[in-house]
Each structure stands twice: as C-alpha cells, then as structure tokens.
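Could you put the whole structure together from the sequences, leaning on the hints where they help?
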Amino acid sequence: DVSLSIERGRTLGLVGESGCGKSTLGRAVLRLHEPTAGEVILDGQPITGISHRELKQRRREMQIIFQDPYASLNPRRTVLQTLREPLDLHHIGKPAERRRRVEELLELVGLRPEAMSRYPHEFSGGQRQRIGVARALALDPKLIVADEAVSALDVSVQAQVLNLISDLQQELGVSFLFIAHDLAVVQHVSHDVAVMYLGKLVESGPAAEVYSAPKHPYTRALLSAVPVPDPQGHRQRIVLPGDVPSPSNPPPGCPFHTRCPEVMPQCREIVPKSIQVGAADSTHRAVCHLYG
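Sequential numbering of the sequence shown, starting at 1, is according to this note's numbering.
None of these hints come from the bench; they were simulated from the model. Any given hint could turn out to be false.
[As the list claims (entries may be wrong)] Here are the in silico distance ranges between beta carbons for each label pair:
| id | residue 1 | residue 2 | range |
| --- | --- | --- | --- |
| 1 | T36 | E61 | 21 to 29 Å |
| 2 | R220 | K56 | 42 to 50 Å |
| 3 | P241 | D88 | 18 to 26 Å |
| 4 | R100 | G242 | 17 to 25 Å |
| 5 | Q45 | P95 | 43 to 51 Å |
| 6 | V155 | P252 | 23 to 31 Å |
[Unchecked claim] In silico PhoX-like pairs for lysine-lysine, Cα to Cα no more than 25 Å straight-line:
| id | residue 1 | residue 2 |
| --- | --- | --- |
| 7 | K94 | K200 |
| 8 | K94 | K56 |
| 9 | K94 | K142 |
| 10 | K273 | K200 |
Beta carbons: idealized from backbone N, C-alpha and C, even for Gly.
Okay, structure coming up:
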C-alpha cells in the first residue's frame, strides 16, 4: 500500500527509521525483489509482469547506487572491468568504444583516467562511491535508486558526493529515488519527500512544504531530531515512547498509534486515509486522523 511518483529530472527523498522498508521498496521498484502486488511503471510502461528478456532491456533505463561503496565493488576487478561490465552485458559498442566510455564516466564523476587500472582497495570511500555512481550512469538510465548512498561516508565526503549527484542530475536529467534516514541530507538533494513508517507512507509532498510545515506527528518527531547548526540555537525535541512494532504483525488502525503523542480513540481501530493538507494546488498529503 505504497504509492509514489517521480517526475523526470527530479529527486524524491524517501526517509524513515531503519527497518521501515525503504531499501525493500527501492529494490522492488527495480525488481531486484519481486513485488507481491501492485505495479511499477517506468516512463509510461509497466515493468512488472514482463519476461526476463524484456526486463533485461528495461534494466538499461534503471540503475542503483548501493549503500556500501566497498562491498558493492568486486575486489578482484579493476575499475575498467567494473565500469565496462554493463556495456559488455548489453553489447554496447566495440571494445575501443567501451574503453572510451569508461574514460568519459570517470571524468564525469571527477576521477582521472589512470584510475582504470586500479582496484577498489586502492581508493578512499568517497572515490569508491564515485565509481559506484559512474557504474550507475554507464547505460544512461532514466531512473537511479540511491540506497543510503552517502551514509557510510565522512561528512565532508558526503557533501562532495551529494553535490556530484545534484550536478549530474542537472546535466543529464536523470531521476533519483534517494533513500536515506538523514533528513538533513534528504533536504539538500530532494525536490519531493516521502516519509515511511512501518512499511507505509505517512506523509509526502514538496520538500520545502514538508520541512517547513510537517503535518504528521511522526514527521514532526523526525525533524525535531535534526541537529541545529548553531551553538546558540535549539529545537524542542519530540521523544517518541516505546519501540517500533513488528512489521510482520503491525498494530490495528494507524500503525503509528502505539507511539503517537497525539493519539485519539479512532487511531486504535480505524486505518487513516491519505488527506491533502497543503494548499488547493499542493501535492502535500498526510495519512492521519488529525486531518480527517
């Protein structure tokens, strides 16, 4: 019961606690996990229910940047072999053309062509993630799922990779599903934001609206935990009681009612509907009885 859409050339930030289903959703979008129900539509055409041969062709249009830039790269392959592999699998160009394409990709992500002959262990974490970004761009995809793409990096390196992703989006027009648990990072790169709790979306809309006027109690609690970059500044912290319920056995009614500071009787029994909470022309929506 998760519905979302990403426009061409825009980034949707998907946020929530660890274990809420963000990565599972991202992998289901790419059919790395098979969805048990529903549809995934890419550029107007469904990619669920198609054959493996058809899916291989559509995979050129969608790629992923994995969370761990070291574990996602084969330690026995050079950078040239790693970045050439998508071109080899899809029989794109001749060997000399593929090598030139690898040089272009390295230049695109800020690495020198000499890096082609080196192995993953010879690079820093930020450089390895740049290689991961280059691999995702090799086939000129329309959609990239960035699964916690900067969470394993130092803060200064995070900024470099985030700026790289933003620059590449402006240059190439690729769409991103940017999965993260760091709301400050998501705010920096996203046009739209969707907040997930226990496998369901609880709030979504334009990033500026969600951050400036969060409507769902869970979103407000998440934003209250974001550090304020000012020694004199402070924010009223909202501490949620209890633990996250089991995703395999969620509570009845609203899944958040066991921890919600504004719980009402109907929250314990009735599943809330998605309600428009912004202006008349806004896409800002919240799934909460406060706005029913």
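- prompt: When the hints from earlier in the document are held up against this structure, which numbers fail?
  reply: Failing hints, ascending: 3, 4, 5, 6 and 7.
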